[in-house]
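K.L.:
What follows is each chain in one-letter form.
There are 2 protein chains.
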Amino acid sequence: MSEKKMHTVIFQPSGRRGQVEEGKSILQASRELGVEIEAICGEKRTCGKCKVRIEDGFFERYGVESSRNHVSEWRPVEAKFFTEERREQGYRLACVSKIHGDLVVFVPEEARAGGQVVRKAVTDRKINVNPSVRTYYIEMEPPTLHDPLGDYERVCNALKEQHGLDAPLLDYKVLLGMPDTLRAAGWKVSVSIWFGGAAPEIVRIAPGKVDRSIGLAVDVGTTSVAAYLCDLTTGEVLNYDSMMNPQVPYGEDVMSRITYAMSHEDGIHKLQDAIIEGINTIASRITEAVGFTHEDILELAIVFNTAMHHCFLGIYPEHLGLAPYAPALHHSINIKARDLGLKFCPGANVFVLPNEAGFVGADNVGVLIAEEPYNKDDRALIIDIGTNGELIMGNKEKLISSSCATGPALEGAHIKFGMRAAPGAIEKIYINPETKEPRYKVIGKDKWSDEMDPETIGTKGICGSGIIDAVAELFKAGIIDKTGKFVKNQEHPRIRRGDDGDEYVLAWANETSIGRDVTITIKDVRAVQLAKGALYAGAKIMMQKLGYDTLDRVVLAGAFGSFIDREESLVIGMFPDVPVTKAYAVGNAAGDGARMALLDADKRKEADEWARKVEYIELSVEPAFEKEFMMAMHLPHMKDKFPNLKTLLEEQGLGDLIKG
Amino acid sequence: MSEKKMHTVIFQPSGRRGQVEEGKSILQASRELGVEIEAICGEKRTCGKCKVRIEDGFFERYGVESSRNHVSEWRPVEAKFFTEERREQGYRLACVSKIHGDLVVFVPEEARAGGQVVRKAVTDRKINVNPSVRTYYIEMEPPTLHDPLGDYERVCNALKEQHGLDAPLLDYKVLLGMPDTLRAAGWKVSVSIWFGGAAPEIVRIAPGKVDRSIGLAVDVGTTSVAAYLCDLTTGEVLNYDSMMNPQVPYGEDVMSRITYAMSHEDGIHKLQDAIIEGINTIASRITEAVGFTHEDILELAIVFNTAMHHCFLGIYPEHLGLAPYAPALHHSINIKARDLGLKFCPGANVFVLPNEAGFVGADNVGVLIAEEPYNKDDRALIIDIGTNGELIMGNKEKLISSSCATGPALEGAHIKFGMRAAPGAIEKIYINPETKEPRYKVIGKDKWSDEMDPETIGTKGICGSGIIDAVAELFKAGIIDKTGKFVKNQEHPRIRRGDDGDEYVLAWANETSIGRDVTITIKDVRAVQLAKGALYAGAKIMMQKLGYDTLDRVVLAGAFGSFIDREESLVIGMFPDVPVTKAYAVGNAAGDGARMALLDADKRKEADEWARKVEYIELSVEPAFEKEFMMAMHLPHMKDKFPNLKTLLEEQGLGDLIKG
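The listed protein sequences correspond, in order, to chains A and B.
Count along the first sequence from 1, add 1021, and you get the number used in my numbering.
Count along the second sequence from 1, add 1021, and you get the number used in my numbering.
Just so you know, these hints were derived from the structure itself, not from any lab.
We put the CB at the ideal spot given by N, CA and C, even for glycine.
Please note that a few of the clues may not be correct.
[Unchecked claim] Between beta-carbon pairs, the in silico distance windows are: (1) A:Ser1245 x B:Arg1052: 41 to 49 Å; (2) B:Arg1096 x A:Pro1644: 52 to 60 Å; (3) B:Arg1233 x A:Ser1245: 45 to 53 Å; (4) A:Tyr1261 x B:Glu1273: 56 to 64 Å.
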């Protein structure tokens, strides 16, 4: 082999450094050193994407005397892409600039490949891809009697020489298989390093060149578990899956699970085992469907409410269920997946997002980092409605949060004909104010009920969004008044007295598959009033705390928020008045937050920072809460004005219903 | 409560800081902030131990404007303990100096309580007590609805306020029991923090005030396991215990265990389980004997040879048993005790000392940090004789190491009447050069054989030190020549031909409890020559590498080294000539090194630094080795001069035996 002259090249801001042969282009050097520079034209010098800046001087800082004279001469083609000013600053195209001496090369944000991606699946959010686990391909010489250096030290030397990385820690489980892996792979391996801890740590050594590194983001809801399998390099969601929370058999809601854990021997471990096994199951399914195995998962980021958080970790949730509801910890925590019984890659870590408070968990922090109200000026209310309602309010000046027991009414539970959002559930209702006749849509059918042969509708019950619609429509049609009571002496075949008091028939028995009239009762209306009253009163207290007269927008997070009708929600007064276009759903923002934490290390810092900065308001100790709650039971409210809603209703000829 | 004025007080070099009430003494402040200042007179102002220095200025460095004017006036009693010069430097007695403003207080070495101790038991070495695990007592207010802060954050706040510590990480297993412990203990707990990782980590939260924190140091030898239970605050050895290495049934020596691991399914895990169970057993025994439990152990520091290292960790030792003998890792590693199946406190870590090379393990690094040849000028040879012989040579200029297969002869194995050092073993021999009659001592008897009724001696065999003595005495008495052969035509009842060739009767059958003459045979002499020849040749090669003509001292490490006679060792030529007073035993230096690593965090850095700085010499690839080995088989050597030994023998009238 002829002796080629070598030069030291350091890329900033990544800090990768290495020896590069004389005469190679900066683009070639970047590839050798594992620095990603955008170059979409295939080095045809036409795209101008591969802009870099040659740093002059800097010996003290980098130990290398970089100079613009160490690069080949300026080429006419470069003038197309740079102003004279940029040229003077040292900008060059990486594809045409050849290396003739030691260099420090700065890669500007716009030239960094893989930096910004827009994820397609699930919810469309911009996620910066800056994962905690990164994979590096290295090649080593095998040991000899004259060079019997240990395996770990050999790996460290290669990481240093080929990627400019200082020696990382080594996870014990990786150490176990390392000698065999290195030899079986001919000393060519991909080393995955986790940067999420106090010091970088090797979490996997895989044979050969690994193209895709994957991680999992999970949102554990009280009722369901959603999982997102992500490519840690591109940020792409490779697969999505969900399942019923396997803890449901131990209690439908948080309090009943806490009770189960406290009243059964080993109850907490049954709950923990259930969710761990559930995640193991979903991890196998979600990976195998796209050609991986659960052992390829390099990291998990996970959110849940505080009680599910404790159950997942196996912490007795006793103290969480009693005043003052102090959680075991707020801060995020990294735990080895194996310590939890999770069957991922043996060295994998689990990043558990931080909790805000006893009733505002990591899931709400997920919403927070997905929505980033702390970066915005407008005064927002973010409502995450699950079995509990969690509220965040504020803007970049100040953020507060609270939690209120909405009860399960908004999810269709404890409602006479309530059911989950499944085929046959009424999800959309309109009642004609003049005829007081309804039309509705059931899940699974394309047409409205009045466009179908009654026998083919197959109604089974009402889901959450249908219940909100029902109450709003009953009110708009004048069937119930603003206190929620049925207006007296209405003569209509659908308005009648049933076992639970006054009721309205939404579907006659022949339109159902259950052979009974599906009704909405005065008790159902009351349940919705209680739920929405709690949400509204919470929001009001929070507005008072922040000194807000009005809100600029209302964000509905959570799967449930995606299905409800924002206009109907406004009509029942689920939240204070805003222009209807300023109330919108964002889908599973908690899951998005988990995904963002998985893919972007900076989001983890944001999560810990904001989980503590958000001031939690314990509504139950607020003296004004009870009075606010009572007033908020009215439709839409006893006293508050709804100018935006009034305008909307005026357009429908219903302006008199509410105050302006 | 009246508002007391508070001042910031910072103690150096510990860096502890906190708010202290106006008018308190510096000694009181030190106790509040957990800084230990010596004060043996009980504040009677008579001992003068509590000397501290008030630092002036330093705002930029500490963020606090410290001033000598912030302390109460100089008291006449202080003049007894300080020179005028010291007074000008700002020295005061902490017990009489009252705080009237912000202060930076330097606590000099001599005033630091518990800093330096001299350990009494086992081997007397000065160990600086600077453990990786430290325990802090904190008191907290319980949470309320108005202060529902999480448990972990509450602990962190208390650590900050009461000890000036930044929030440590929290081990997952500690988190599990934390909520209950805090409440059951009335929010008064002792928090043990491990500083051995990349960031401090809470490894235990114990109720109330814990007086003693304990750790374990273990030396796993091929044949035996030694354990030292240490007080992590005082450095004291609270208990010592040892046991047979439970891996012995799988192979007496290293190579046979490697073979077992490779040739039996799950062989490595059997070996690992055996040693882990052994350490669990010894940990229970050693703690319970002094009123603790194995769950009180906060950290383990452990040494072994490289093969035992791999077996302990469960790494297949296949590659270690084959050229080029590269170990899986050299560097030290911290592993959670639970990951290894060790039953200590659930958050405990294991510090595994680094390996030097494939055949020079962490035990030799233990010897290195115990002996510190790198801090000394004189040219030392340190020999650790176990089943393998490990050699370190050099001084602060340069250190090299090597390993040679001495075989088990020096431990009494593969010797016709060889046995372990146990009652009945001949441990000391003298042969009269004129009468060629021996006298000897057996373990368990106070008198020499010729002072006893033969029937009461009860000889059973010869242990390692006896075998060295036998060969040396046979040589000195002219019974064998310098090649190890029996001199021809000797007429003596004790010199005869047996099954194994020429032999010498050490003990007649009536002096034994086995009813047979105990002899030393030509084959036994040959075995000793092979062992000592390997050690000597190794030392010679190392001297050549270092350019040494002579050595200044020889250190015999290991239990075996403590029992052999240094003069007899010199006579047989186990190591190159030094003045006999400059050859000395230091006991189990490897175990001492483990103990020092447990007790002094700085020793861990030293271990990693020197494990790599010591240059390992692979003797088997040294061209000169074979010739040196052959010459070193002679007694004491074929060619080398032994001037010191000659002087010694001349005093005994045996000067002609060897070259000067």
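K.L.:
Next, verify each hint and record whether it holds.
P.N.:
Each hint, compared with the structure:
no. : hint                              : result
1   : A:Ser1245 x B:Arg1052: 41 to 49 Å : violated, 55 Å
2   : B:Arg1096 x A:Pro1644: 52 to 60 Å : holds, 56 Å
3   : B:Arg1233 x A:Ser1245: 45 to 53 Å : holds, 50 Å
4   : A:Tyr1261 x B:Glu1273: 56 to 64 Å : holds, 58 Å
Hint 1 from the earlier list is the only one contradicted by this structure; the remaining hints agree with it.
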